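Engineer: If you want the building blocks of each chain, they are given just below.
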Amino acid sequence: MGAVFIPSEFGIIFLPLANVQVKAGDKLRLTCRYTHRGKAESQPLYAAIGKTGWTGFDEVLHASKTLSVPEDASWQTREDYVDIAITTSISAGVYDLYAKIGGTFPKVISPTLQDVVEVTEVGDSDFGEISITDYAKV
Amino acid sequence: MAKYADIIKVDAPSSAIDGATVIVDVSVKNIGSSDQNLAVTAVFDSTSFPFQFDYLLVSPGQTVIFRGWFTMPSKNVGITAWSWYWDGSDWVQDDRYEKQISLSQATSEFGSIEIIRYERR
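Protein chains in written order, with numbering that gives the first Met the number 0: chain A, 0 to 137; chain B, 0 to 120.
Worth flagging that the hints you see were computed from the coordinates, not collected in a lab.
Among the hints, a few may not be true.
[Stated by the list, open to error] Computed, partial: chain B to chain A, Cβ under 10 Å:
(1) 16
(2) 20
(3) 99
(4) 101
(5) 103
(6) 105
(7) 107
(8) 109
(9) 111
(10) 114
(11) 116
(12) 118
(13) 119
(14) 120
Keep in mind it's a predicted model, so treat the numbers as computed, not measured.
In this text, a Cβ means the ideal position worked out from N, Cα and C, and glycines have one as well.
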């Protein structure tokens, strides 16, 4: 079970987060809330699955899409999502998530959600049972 | 209703960024039956701004464009344009037109981002 620590007027809130289980072939949809003001522009919304380590965030899978925001005369809160395709290049385990807006030099980066994605192995091919459901002269 | 100097349209952007030069084209038609000296004056909020021509001699039915300009301040402004004709001894105010120009943003910034949901699809 992952968690995020959120500063508030009452101190730091410990917010437990539910895990999501995925396997190769699935998509993981991350919905992000962001704020914007100023002129209209387009920027990539980028999200990644990986592991937080002492060197930073080690990305394993990622995806991005182009956000087109309109001109906002004052701070506006908006939401959008990005789908990360789960492939066989990620091994089973528990992973972290983060998202950002911008390219090489991000404009904003989200807090990392730790241990919230559990990647499970797709099992070997198994047949469970067999039964005759019909029989007829042909 | 104008007597001679009918303002038929005012071309100006609906928005501009702070510090931009705003071009205002005032189209004035001589709706009289004789040649007229016509002029245009205008203000943004309460500040007057210049025009390319002080006045023009305009034939009956002819439309001329008076081009004015000003520097956009850091707020929304309303512009008011007046047309004038020369009656032989004085300039007489004839028609009036108003338009709003809103301040647009020159920069863009993102304040924060957070992941609010994650789900398998």
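Engineer: Each hint: holds or not?
Structural biologist: Hints and how they fare:
1. 16: holds (8 Å)
2. 20: With a closest approach of 18 Å, the residue 20/B hint is violated.
3. 99: Since chain A brings no Cβ nearer than about 14 Å to residue 99/B, farther than 10 Å, the hint is violated.
4. 101: holds (8 Å)
5. 103: holds (6 Å)
6. 105: Where the cut-off is 10 Å and the nearest Cβ of chain A is about 7 Å from residue 105/B, the hint holds.
7. 107: holds (4 Å)
8. 109: Since chain A brings a Cβ to about 4 Å from residue 109/B, closer than 10 Å, the hint holds.
9. 111: Because about 5 Å separates residue 111/B from the closest Cβ in chain A, which is inside the 10 Å limit, the hint holds.
10. 114: holds (5 Å)
11. 116: holds (4 Å)
12. 118: Where the cut-off is 10 Å and the nearest Cβ of chain A is about 5 Å from residue 118/B, the hint holds.
13. 119: At 5 Å from the nearest chain A Cβ, residue 119/B passes the 10 Å test, so the hint holds.
14. 120: holds (4 Å)
Violated hints, listed in ascending order, are 2 and 3; each of the other numbered hints is respected by the structure.
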